[in-house]
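Take a look at the letters that make up each chain.
2 protein chains.
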Amino acid sequence: MDANPILAETVRGNWVENRHRGAYVVIDANGTIIASAGDIERAIFPRSAIKSMQALPIFARGAENKFHHSEEELALACASHHGEDAHVATASGLLARIGLSVADLECGAHQPSNAAAREALRRAGAEPSALHNNCSGKHSGMLSVALAMGLPTSGYVAREHEVQRAVRSAVETVIGERLTEDKCGTDGCSIPTFAAPLRAFAYGFARMSTGQGLAPDLAYAAKRLFDAATSHPHLVAGTGHPDTLLMTAFKGRLMQKVGAEAVQCGAIRDKGWGYALKCDDGNVAASQAMLAGILLKLADPDTEQRALLEKYARQPINSVRGMQVGELRAC
Amino acid sequence: MDANPILAETVRGNWVENRHRGAYVVIDANGTIIASAGDIERAIFPRSAIKSMQALPIFARGAENKFHHSEEELALACASHHGEDAHVATASGLLARIGLSVADLECGAHQPSNAAAREALRRAGAEPSALHNNCSGKHSGMLSVALAMGLPTSGYVAREHEVQRAVRSAVETVIGERLTEDKCGTDGCSIPTFAAPLRAFAYGFARMSTGQGLAPDLAYAAKRLFDAATSHPHLVAGTGHPDTLLMTAFKGRLMQKVGAEAVQCGAIRDKGWGYALKCDDGNVAASQAMLAGILLKLADPDTEQRALLEKYARQPINSVRGMQVGELRAC
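In order, the protein sequence lines correspond to chains Z and E.
For the first sequence, counting from 1, position 58 maps to 58 in the working numbering; every step adds exactly one.
For the second sequence, counting from 1, position 266 maps to 266 in the working numbering; every step adds exactly one.
Heads up, some of the hints might be wrong.
Any copy will do: because identical chains look the same in the list, a pair fits if it lies in one copy or spans two.
Derived lysine to aspartate or glutamate pairs resembling DMTMM-like cross-links, with alpha carbons at most 20 Å apart [said to hold, decoys possible]: (1) Lys183 with Glu9; (2) Lys183 with Glu327; (3) Lys66 with Asp302; (4) Lys271 with Glu177; (5) Lys66 with Glu304; (6) Lys311 with Glu106; (7) Lys66 with Glu119; (8) Lys183 with Glu172; (9) Lys297 with Asp270; (10) Lys183 with Asp28; (11) Lys251 with Glu71; (12) Lys223 with Glu71; (13) Lys311 with Asp227; (14) Lys271 with Glu127; (15) Lys271 with Asp227.
Source of the hints: derived by calculation from the structure; they are not laboratory data.
Computed from a prediction, not measured in an experiment: that's the story for all the values here.
Taking the hints into account, I'd like the entire structure generated from these sequences.
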């Protein structure tokens, strides 16, 4: 297996300290490659970067029709949120409306990703719940799908549960690849995750962005989900997170989602291009630098967008006393 | 530049998720290579992995003779400690004895690496001081060198200060390479760090371990420092840290030190072999897996040592609910 190219590096003083390899592809809905580097046919786990694809059964299986998900609830279904008040309230609101509760979530509990939210819990002497899990919006959406399908909700995270079959089928449809058992793992939130070629995920985002090549109802669902996410960027991640800041700055032009272990997926919506990126070693900050480098070149950023992207493309490394001693930068 | 080989990877389910490349070399004091992988002539920043080398001027410049450093103080000079009570007490004890205080440390303050120590500070409503900085033992030692040399202590972290010149000279002597300005950076604790070939650092550890090829006084200093570190493994890192646990388990046979950004250096003392390892992407857990893989093969571990090494060579990856879903493993 050939090594992927170095797409980001850290420099300390005048010498390179770390090297981050990876692959990326920007593609349109015809499958025409706009730009790429590295082995884009290698199968990667997309993890949370494709939550918007995993949310498609909310439409395809009648849940939205039955429960009338708000735009905020759809945005949260696409989110790796930070456990801030708005995130917890949106997830618990949907659960209450469909007659379920936090007890039905099977994602597990972890501390909020947001420091102030962690501190607030701590001051209240409270333990985090599954609502604080960054995936609680996705899981609440999946529970609504189970109810709409008339299924028992218990065990909805299992690979063989009809909800997960519906998710798998929706992802297969938009990426144009079969998801196979020989490339299957379990995500941090207990649902299955399937590895597939990096190119296919980018292609799926291009198709969701344009609707091109998708059945009308699927194209409609994709548009509703992307509109929801780009209209509520704070719900998709949280205060200060690059996904939130970038989507806010791009004012609807950019759908952007990180996945665990340094996956970045999204779409430059006005161009109809999807993209997918994976840093081989799982370093998230490096993947953000790589992504910023790509968007600087290809997303026609305005001044404000450019300034933000440049912050991620060149991230300072400071000493304990706060002096800049190096940087992480896109290559 | 050729890519270094993949020395560790993470697997999720039945598919590889992340790949970690790197280089390592195990060498004896004659310069004979016992084992290696990757580009061992590439210059890397050793960071904190060579604190034992940086401590040599405590002997060479008369500080030990003047201030009679305890074995604990010598161990702490070689340490990236966790800011636990024993660490803070040892650093402040040396400072007091030489007539200085925390105010003279120029490493900066950061939260203790140890969670219980952080919690204790928090409960006391106290801010961390430079004594909690993982480098405070090294810095206290450097201050003792400044005093022994009759120098002003202020600015002792600067590249041109005589203390740092002495450190640089000692490192050059043991590794057999010049440290040059074209490969210089600033470490997190504000002192200079010089990149040099990976092989040279391993060679330096072999020479410090055996004394072979070193002047008698330098060989004596090296032995005192290695004896101190291996006799007080808790002072060199902290509760639960691999360096502490490995050195404890190897009962003096192993000198082991991590450096920031995934450097691992040390010596298998009874064999007279030094080693150095750098994971290209800076992932510390991956470098621990790589190191464990090497020590399993080359350090003749007994049953207990083997069990410990295997823990690091194959590290479980769990879901939020605590189910094992993958592992990080040495290749």
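For each hint, the structure was consulted:
In this assembly of identical chains, Lys183 and Glu9 lie within 20 Å of each other by CA distance solely across copies; the values are 16 Å between and 29 Å within a copy. With identical chains, the CA atoms of Lys183 and Glu327 are at most 20 Å apart between copies only, with a shortest distance of 15 Å across copies and 36 Å within one. Taking the closest pair of Cα atoms, Lys66 and Asp302 never come within 20 Å of each other, the shortest separation being 41 Å inside a single copy and 64 Å across copies. Neither within a single protomer nor between protomers do Lys271 and Glu177 lie at most 20 Å apart by alpha-carbon distance, with minima of 23 Å and 54 Å respectively.
In this homomeric assembly, Lys66 and Glu304 never come within 20 Å of each other (Cα to Cα): the closest approach is 41 Å inside a single copy and 60 Å across copies. For the homomeric pair Lys311 and Glu106, neither the shortest alpha-carbon distance inside one copy (37 Å) nor that between copies (29 Å) is at most 20 Å. For a Cα distance limit of 20 Å, the shortest separation of Lys66 from Glu119 qualifies neither inside one copy, at 37 Å, nor across copies, at 48 Å. With identical chains, the CA atoms of Lys183 and Glu172 are at most 20 Å apart within one copy only, with a shortest distance of 14 Å there and 49 Å across copies.
Taking the shortest alpha-carbon separations for Lys297 and Asp270, only the intra-copy value of 15 Å comes in at or below 20 Å, while the best inter-copy value is 56 Å. Taking the shortest alpha-carbon separations for Lys183 and Asp28, neither the intra-copy value of 25 Å nor the inter-copy value of 43 Å comes in at or below 20 Å. In the homo-oligomer, the alpha carbons of Lys251 and Glu71 lie at most 20 Å apart inside one protomer (16 Å), although the nearest pairing across protomers, at 62 Å, exceeds that limit. Proximity of Lys223 to Glu71 under the C-alpha cut-off of 20 Å is restricted to the intra-copy arrangement: shortest distance 12 Å within a copy versus 67 Å between copies.
For a Cα distance limit of 20 Å, the shortest separation of Lys311 from Asp227 qualifies neither inside one copy, at 26 Å, nor across copies, at 46 Å. Proximity of Lys271 and Glu127 under a CA criterion of 20 Å is satisfied in neither setting, with 44 Å inside one chain copy and 51 Å between copies. For the identical chains of this complex, Lys271 and Asp227 are intra-copy neighbours only, at 15 Å inside a copy versus 65 Å across copies, given an alpha-carbon limit of 20 Å.
Checked against the numbered hints given earlier, this structure breaks hints 3, 4, 5, 6, 7, 10, 13, 14; the rest are met.
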